[in-house]
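There are 2 protein chains.
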Amino acid sequence: VSSAELDRLVASIAPACSADAAAVRSHLDELTKPPGSLGRLEDVALRLALLLGDPPPPLRRRQVIVFAADHGVARRGVSAYPQAVTVEMCRTIAAGGAAICAISRAVDANLTLVDVGVAGPVAPGPAIVSRRVRDGSRDITETAALTREEAVQAILVGADAVRERLPDTDVFAFGELGIGNTTAASAVTAALLDVDPDGVVGPGTGLDDEGVERKRRVVRNAVDRAVRTGISDPIDLLAQLGGLEIAALTGAILAAAAARRPVSLDGFICTAAALTAVRMAPAARDALFAAHRSAEPAHVALLDALGLEPLLDLDMRLGEGTGAALALPVLEAASGFLREMATFTSAGVSGGAGRPQQ
Amino acid sequence: VSSAELDRLVASIAPACSADAAAVRSHLDELTKPPGSLGRLEDVALRLALLLGDPPPPLRRRQVIVFAADHGVARRGVSAYPQAVTVEMCRTIAAGGAAICAISRAVDANLTLVDVGVAGPVAPGPAIVSRRVRDGSRDITETAALTREEAVQAILVGADAVRERLPDTDVFAFGELGIGNTTAASAVTAALLDVDPDGVVGPGTGLDDEGVERKRRVVRNAVDRAVRTGISDPIDLLAQLGGLEIAALTGAILAAAAARRPVSLDGFICTAAALTAVRMAPAARDALFAAHRSAEPAHVALLDALGLEPLLDLDMRLGEGTGAALALPVLEAASGFLREMATFTSAGVSGGAGRPQQ
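Taken in order, these protein sequences are the chains called A and B.
Using the working numbering, you'd call the opening residue of the first sequence number 1 and step up by one each time.
Using the working numbering, you'd call the opening residue of the second sequence number 1001 and step up by one each time.
To be clear, the hints were calculated from the coordinates, so they are not data collected in a lab.
Beta carbons: idealized from backbone N, C-alpha and C, even for Gly.
Careful: at least some of the hints might be erroneous.
Chain B is nowhere near these chain A residues, computed Cβ spacing over 10 Å in every case [to be verified]:
hint, residue
1, Thr92
2, Gly202
3, Asp313
4, Ser335
5, Gly336
Cβ-Cβ distance ranges computed for the label pairs, FRET-style [as the list claims (entries may be wrong)]:
hint, chain 1, residue 1, chain 2, residue 2, range
6, B, Ser1002, A, Ala23, 30 to 38 Å
7, A, Ala4, B, Gly1096, 47 to 55 Å
8, A, Pro126, B, Ser1003, 53 to 61 Å
9, A, Ala11, B, Pro1167, 52 to 60 Å
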């Protein structure tokens, strides 16, 4: 485990400046459509052009990576499901029967599951990568989830998963799996945003009101403990309150941003990892696209902190990267229209360049 | 032109009852995910199952059809663009340079343009079908847009375009092109919903405030004239206030519903046609999926009347079927997860059947 390797990764992330924003806006207004008529797809096209150049390349080779791990805090009754569901769902993904398998197929994306530390055995398979740091994180109400060294190791697991797939990947979608991980993400969010833990706790997979109250107490205890212990930087924060898959997501986001690959971010947990990554390397934000607005209530506060507006709003709250995968065709459509559309001049269409006739 | 043919088409449209709704809901809750966690994707899956059976088949063979025509009312200054843009944009579609060309490619959909009556020559091409009823509709402030016979003929043009493509198509997306057609659609909407014309007129391709005021007066005049003349049924309404592509869209929707093919509906104009079709054959609604919420303000009233909730909300207002095409992967994702996901029992995952453990 090399902290120097992580330092080099963070230092390699530069702001997206592959195109001039004013020139891209002019290009958008010269295309054969009323100015602004593609709405938020035009904002996505602008950001893709800044990241990748104008015109942006096709985003056809799509890679979904789901990072899975267990959480010691699961024993506190913070999930509607028992911890065993993490390993069972890993096996379901391996067998092709999970929601993310179907949705990845629907959008023609390749799918990989990275086991960063599930609490039981996951058999190797064509879509399964075993990079276990430890058998789940520790209970954050009692102690740090991870040592700082384990957190760095998990971050680099995520970074490696991305770097190994760069030659075949135009765009990434990241997701997660881990019973108890909305509890860890809520604690990370409360610490990142310095807000009251009560406001960042939601029902997760489907807790009842009593369960949500219990989860609030658990998150408050964990945040209080971590703050007493002291949090000096985002790596400490991941170690104190996060978990293995949240750390791996953070590293995956850093590596994708360093390589200038657009990232379709799933919901609450992924976005907590994204804000952690952006605290380490602010320019990483330029590679991030918020796929959807999760039904988990604290998601919107994280999106606001990142200045990202979600593309889809379908009331989804499953995780596994399902929202992130579903948004991949929207990113390709934005890239495609900027790359492939004619201009008013080239097509000989009347009334162009943002100046419609009245 | 056979009114009897249209009567037979309308009579052939039956409600979607290929599955039992309660059984589909049970199936949805048995899948390996927290109950309801795929949000509105689950509602789409339920409706697809009712239309096509549970499990629904793949929706891989995607056909976008854009219906184009001109409008006599365009000479009243109701659009930000001159009428010539209709034929120019038809040529841009033929050359592959329009927004709908790029977005169709992005979602792997085949694209066809049907010229139902553009006011200038559109050269034939591989993606162009010429089924011209007349050189644009008449000015609706002065007289009926179409004779009843022309309206029936245009409806059957739309129906034929769908029927000819049924053997190779799992799912349709419909769009339109025609300078002045938000004016016609506003008039149709005011008459269909029996509401004040002022409330259903928006900026279209980008009118300024003065232009919107002018458009309001035009729509009010047209609706007043048509109501005085008398409107006896939806075909009369299309003849009095609609246009050739709006009538063709109505026929396309009827034919797709009769053949039980899901339809991804574009924005305001397509939805006005959809409500017209549903007034002719209420069961046609079961085949319709609202792709997106258009920025055109009256769209939401039409969606409410149809009881449809839009899938995407990206502030798009281009037309051409761009929103409809962009939603096709969402329909495939909904079909795919219901068809391909494992159940709690089959996958051996703990805590299934909608009864999470606390």
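To see whether the hints hold, each was checked on the structure:
1. Thr92: Nearest chain B Cβ is 4 Å from Thr92(A), so the label is violated.
2. Gly202: Given a closest Cβ separation of 12 Å, the condition holds.
3. Asp313: violated (6 Å)
4. Ser335: violated (8 Å)
5. Gly336: violated (4 Å)
6. Ser1002(B) with Ala23(A): 30 to 38 Å: Violated, at about 55 Å.
7. Ala4(A) with Gly1096(B): 47 to 55 Å: holds (50 Å)
8. Pro126(A) with Ser1003(B): 53 to 61 Å: Since the Cβ atoms of Pro126(A) and Ser1003(B) sit about 59 Å apart, the hinted range of 53 to 61 Å holds.
9. Ala11(A) with Pro1167(B): 52 to 60 Å: holds (58 Å)
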